[in-house]
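Colleague: Okay, here's what each chain looks like letter by letter:
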Amino acid sequence: AQKVTQAQTEISVVEKEDVTLDCVYETRDTTYYLFWYKQPPSGELVFLIRRNSFDEQNEISGRYSWNFQKSTSSFNFTITASQVVDSAVYFCALETGNQFYFGTGTSLTVIP
Amino acid sequence: NAGVTQTPKFQVLKTGQSMTLQCAQDMNHNSMYWYRQDPGMGLRLIYYSASEGTTDKGEVPNGYNVSRLNKREFSLRLESAAPSQTSVYFCASSRTTSGSIYEQYFGPGTRLTVT
Chain L
8 AQKVTQAQTE
18 ISVVEKEDVT
28 LDCVYETRDT
38 TYYLFWYKQP
48 PSGELVFLIR
58 RNSFDEQNEI
68 SGRYSWNFQK
78 STSSFNFTIT
88 ASQVVDSAVY
98 FCALETGNQF
108 YFGTGTSLTV
118 IP
Chain X
-9 NAGVTQTPKF
1 QVLKTGQSMT
11 LQCAQDMNHN
21 SMYWYRQDPG
31 MGLRLIYYSA
41 SEGTTDKGEV
51 PNGYNVSRLN
61 KREFSLRLES
71 AAPSQTSVYF
81 CASSRTTSGS
91 IYEQYFGPGT
101 RLTVT
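Line by line, the protein sequences are chains L and X.
Using the numbering used here, you'd call the opening residue of the first sequence number 8 and step up by one each time.
Using the numbering used here, you'd call the opening residue of the second sequence number -9 and step up by one each time.
Just so you know, the hints here were simulated from the structure itself, not pulled from any lab data.
The reader is advised that the hints may include incorrect statements.
[Unchecked claim] Below, simulated DSS-like cross-link-like pairs (lysine-lysine); rule was C-alpha separation at most 25 Å, straight line:
no., chain 1, residue 1, chain 2, residue 2
1, L, K10, L, K45
2, L, K10, X, K47
3, X, K4, L, K45
4, L, K77, L, K10
5, X, K(-1), X, K47
6, X, K61, X, K(-1)
Next comes chain X alone, as it looks inside the complex (with noise of 0.2 Å):
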């Protein structure tokens, strides 16, 4: 099992410029979610998705949007990237059954600069 693959592992973008990150996951669990990583600051949760074809906002939404595409794919998506965008960014899933959250398992991460 792969677990958890996020593509790509490095970006540079322009200021406007727009990407996708694409994440997938093979352990069949039914939530995912993605967050940025800043020096300082911890995780901080951009959006998640409890569910396929459910997502929600997280702490810091703004500027990102995603999509669930099926259970084993979450993408998160910069449509006018900015420099505060600069960041860490993984994505993580975990399983879920009725009234319990288990484990995350976390991605490598995708390192985006925006110049």
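Chain L on its own, in the form it takes in the complex (with noise of 0.2 Å):
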């Protein structure tokens, strides 16, 4: 069964802060793709960041940073100084045979 997993379910934190949040995901599969997106407060969904599971290679896109891990099942999502601008829900997805897992996402909020 494929599943992903976001344990946490709300985080504050005061701007200029790091803040890293978490993506588990379960998965027989050998091939597959992982994603994180953004819903900010307006409710659009926007895309990220995409990995293929050969790709382990971090990624670093100004403030963001991602980190993806095989042995533990992780793809780890990294905002460096954090600005009142990335307070959104963000969501770690999952794609195997043409299906998309979703996590219950990771709300946060960050206080100026």
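Quick one: dock chain against chain with the hints and give me the complex.
Modeller: This is the structure in structure tokens:
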């Protein structure tokens, strides 16, 4: 069975702090994709990153970075020097066999 | 480009009524999806279509039907609405090539209330 777990339901940080959002996935497939999406208060879903199961390189994009570790089935997301505009719900998702499985999301509040 | 469009944005139905949610994309994507989002549940896949003419069940297909009318359009039908189908519905599309899945682009959502 495929599953994505985002154990952190809600996180609050003060502006400029770093924050890591955890994502743990389960699948027996060897070929799969992992994604992160952002859902700001306005409700739309915004793509952040895609990673395939054969590419364990970490990635940095501005203040955002992602750590993919197959050994622990984790794909964690770190925001450095958080800003109020980062306040949103963040979803981790797993794709395998044309099906997508989303975690329940982590609601991040950045306090000014 | 409009991306992914959905109609309507809001809808209120009485139990037992039927309706169709419309979705269209102008990005020439092969794959299209329907999700529902409920508080605390994340997004759950209802149905997907990997290509024109094909549809497959997702995690929560009961009570829904879909039609992939052409490459651009993918509709979701509720034949007899139930209060448990109160949710926000998102349509999405993605490019796929042999062996590779790319990111999904989502529509703005339809907020459906069934009373």
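Colleague: Does each hint hold? Answer for all of them.
Modeller: Results for each hint:
1. Taking the CA atoms of K10(L) and K45(L), the gap is about 19 Å. The hint holds against a cut of 25 Å.
2. For the given pair, K10(L) sits about 17 Å from K47(X) by alpha-carbon distance, which is consistent with the 25 Å threshold.
3. Our distance criterion of 25 Å between C-alpha atoms is broken by K4(X) and K45(L), whose separation comes to about 32 Å.
4. Of the supplied pair hints, the one linking K77(L) and K10(L) holds, its CA atoms being roughly 15 Å apart against a limit of 25 Å.
5. A threshold of 25 Å between alpha carbons decides the hint, and for K(-1)(X) with K47(X) the separation of about 24 Å falls inside it, so the pair holds.
6. A C-alpha spacing of about 22 Å is found between K61(X) and K(-1)(X), which places the hinted pair at or below 25 Å, so the restraint holds.
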